[in-house]
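Protein chains in written order, with our numbering: chain A, 1 to 100; chain B, 1 to 388; chain C, 1 to 315.
Keep in mind that the hints were calculated from the coordinates and are not lab data.
One or more hints might be untrue.
When the alpha-carbon atoms are kept at most 20 Å apart in a straight line, the in silico DMTMM-like pairs for lysine to aspartate or glutamate are as follows [to be verified]:
#, chain 1, residue 1, chain 2, residue 2
1, A, Lys3, B, Glu218
2, B, Lys186, B, Glu240
3, C, Lys5, C, Glu41
4, B, Lys220, A, Glu9
5, A, Lys3, B, Asp214
6, B, Lys257, B, Glu218
7, C, Lys5, A, Glu9
8, C, Lys94, B, Asp182
9, C, Lys94, B, Glu183
10, C, Lys237, C, Asp298
11, B, Lys342, B, Glu303
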Amino acid sequence: MAKLLGWRELPLGGVVTGGTAKELQKTGSWRAERPVWHEEKCIQCLQCWLHCPDDSVLVSGGKMTGFDYEHCKGCGVCAAICPKDAIEMVPERGGECAKP
Amino acid sequence: MRKAITGHKAIAEAMRQIEPDVVAVYPITPQSEIAEYYADYVHNGLVHTELVPVESEHSALSACIGAAAAGGRVMTATSSQGLALMVEVLYIAAGMRLPIVMALANRSLSAPINIHCDHSDAYLARDSGAVQIFCENAQEAYDYTLMAQRIAEDMNIRLPVIVNLDGFTLTHTVQPVDLLEDEVAKKFVGECKQFSPLLDVDHPVTWGPFAMPDYYFELKRAQQAGMEAVPEVFRKVQEEFSKISGRQYAGFFEAYKLADAEYAMVVLGSTAGTAKMAVDELRARGMKVGLLKPWLWRPFPAEEIAEALRNVKAVAVLDRAFSFGTMGALFEDVASALYPLKQRPILANYIYGLGGRDTTVPELVRAFEELPKIRKTEWALRYIGLRE
Amino acid sequence: MPSIKVLAEREERGARFTGGHTLCAGCAEPMVVRTVLNAIEDPVVVASPTGCLEVASSRFPGTAWNVPWIHVAFENAAAVISGVEAAYKALQKKGKISRRIRFVVFAGDGGTYDIGLQALSGALERGHDFLYVCLNNEAYMNTGVQRSSATPRYASATTAPYGEAIPGKPQKRKDLTEIVAAHGIPYVAQAAVSHLIDLANKVERAMKYEDPKFINVLTTCPLGWRTPRDSAVQQAKLAVETRYWPLYEVIEGQYKINYKPKERVPVEEWLKTQGRFRHLFRDPRGKELIAQIQAEVDRRWELLLQKEKCFGGGE
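Next comes chain A alone, as it looks inside the complex (with noise of 0.2 Å):
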């Protein structure tokens, strides 16, 4: 967590730039399963990325590139929506998963 500021030291009226809290809150540390991406079942349709609460599927240059774990809050919904199975959601830290 970042330091706390005093009064004087405030924006004025609590007015903050934009795009803070990626660097701010760290959500990875939420998750109790991540998504493992098996590239090569991926087809590269990108919904994993169109339904991604937190922005945490990586893109670039048009192209899935892996997941951001600083912010993923394995939800599961991009290996639920995958058409493939190319995502599987494994246990963060040990044990089984959770299965609905």
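Take the given structure of chain A and dock chains B and C to it, following the hints.
Chains B and C in isolation, oriented as in the chain A frame:
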């Protein structure tokens, strides 16, 4: 240029000269004509303002916030129930540090419903964080609307500013008002000072964040600092305005025959005019009385008012609204300002003029005449013009 | 029509809504937000009322918004954006701004159907140029799943719980999409988080207008609907397949249903997957209540078909 106009017109003229980018407004008696005059200017192409005829006062101030955060200069006006409806947003505008100037045509708060003047609407906004100025007549309303723009936009302040003028008494009566030439007024008000405007899309900003207990306190302390910066700026702006207008504004209040007064009255708004007549009458009879008429009510200029009253024997503080369950708001301001002094006057609190009840010179003369008979300050309300 | 690749390219150039927000894992709101923002090429300014999205995306001093964004209160997002748009118009006319900027509201059903309805109606009537996207998860989720007028009949909400005397919310849900359409604005649509490319196309069609535009997006809340964490998309898909939530547009008064399911899937198939309707399958009254829900789905679907016939866009 000297004109015979109503308080409405005086405010509208000031607005015309300020020429805000956006005016979002909703009608309510006794403010409506301000909006009507301004709409007339807009529809006849006299001003380049986007007029947003919103569907409620809450939306009026909300739209003002949007426009101000976007980087525009904004103004609005309301009264009574309209202020009550928008007061949620007024607190927010102050917390967001947005310079919105609004005229408040003072009118009583329901219930019962009443369209005439008292200060209960201004009192509702007392703790909102908005700067509040009171005017005795249409001239002051015009002058202070121009000054309010400078105060609101000052980079050390950035707060909403409310210019209070008594509903009907000032809004609807024709009075002589000296208007500045357009170029003079515009030069005085200057260009809109923007801060982190939303429309600067290359530098995206977030306005109105969510603050947890780890930050809320500090953000509010910073807001208090904005209020604390007001007195100094107020004086500077008055000085500048006095130069260009030839009208002398100096200090947070007008002291009328106060310097050697033994007995004094403190009152906000148009009743001060009546009080001046009472003062003159009593002075002619040899009673040393004086009037303290605050212009700046929030932030409350405690030190200066205490200093001005310290040697007076007794002071009648008049409140044109109840603060149910306690003494009048102005009385409490004055009393706590005087508290630190070793020697201080006896205070008496009068509630007067509610719901447009007219207050006469003889009634105020009587109030002054009662003062020498009051032994000590009491936690008890007195009334002027009330039928028991 | 923005394809998925085009949307991805735009986000690569600049992510407008980033990670680091604290919405639940699996929340559908950011899916909608990212898609809408990527579907608009011009710079945008966004306003949101109080709600899950606002609270979770703007905890001081962190913000997940990389576009100008403003939050003021719960009931006034439409009024706030009206003010932003008015300032833009004013500054444009004065020659102080030359680039094209678009204005978008992202608001929950609470801040739209209920407390925000007045401000929305006013903004629609005044004709401001903005897109209002309702993220409809059918309850006041941020404050703990309380019922809103968007909550479907007989769903269990915390202020309309399933109980011995009253089995969930007794009232039918409001048809806000039709209320908005009645304002006569040129673009109104219903969309769902299960059909994001359809949503992107709708956004593109909407933004051709310089008038008020409205899209009501069914946005699953796995937590509030009591469905699995990764089920947001499947849930919305079932809602569409059972015709509970038709995908349609009203463009300049012409009705067009975008998707007509070939098979008639009973709404029960959708209800039984959600914890908020679980009581309907355990309570003896349940069968009757489900029948009422089905009747209402059928009625609204028939009405929509009729509207398409009478005020259809042809084709």
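Distance restraint between lysine 3/A and glutamate 218/B, which requires alpha-carbon spacing of 20 Å or less: holds (14 Å)
Hint check: lysine 5/C vs glutamate 9/A, CA-CA at most 20 Å. Holds or violated? Roughly 43 Å separates the two Cα atoms, so the pair is violated.
Restraint status (C-alpha distance of lysine 342/B to glutamate 303/B at most 20 Å): Roughly 14 Å between the alpha carbons, so the hint for lysine 342/B and glutamate 303/B holds.
So if I understand the rule, the pair passes when the alpha-carbon distance is 20 Å or less; does lysine 186/B with glutamate 240/B pass? holds (13 Å)
Is the straight-line distance between the alpha-carbon of lysine 94/C and that of aspartate 182/B 20 Å or less? Holds - the C-alpha atoms of aspartate 182/B and lysine 94/C are around 18 Å apart, at most 20 Å.
Given pair status - aspartate 298/C, lysine 237/C, alpha carbons within 20 Å: The hint holds at about 18 Å.
Checking one constraint from the list: CA of lysine 5/C to CA of glutamate 41/C, max 20 Å. Satisfied? holds (14 Å)
Restraint status (C-alpha distance of lysine 220/B to glutamate 9/A at most 20 Å): holds (13 Å)
Does lysine 257/B pair with glutamate 218/B here, judged by a C-alpha cut-off of 20 Å? violated (43 Å)
Need the status of pair lysine 3/A, aspartate 214/B: alpha-carbon distance at most 20 Å? Distance of about 11 Å is within 20 Å: holds.
Pairwise hint evaluation, glutamate 183/B against lysine 94/C, where the allowed Cα distance is 20 Å at most: Distance of about 18 Å is within 20 Å: holds.
Checked against the numbered hints given earlier, this structure breaks hints 6, 7; the rest are met.
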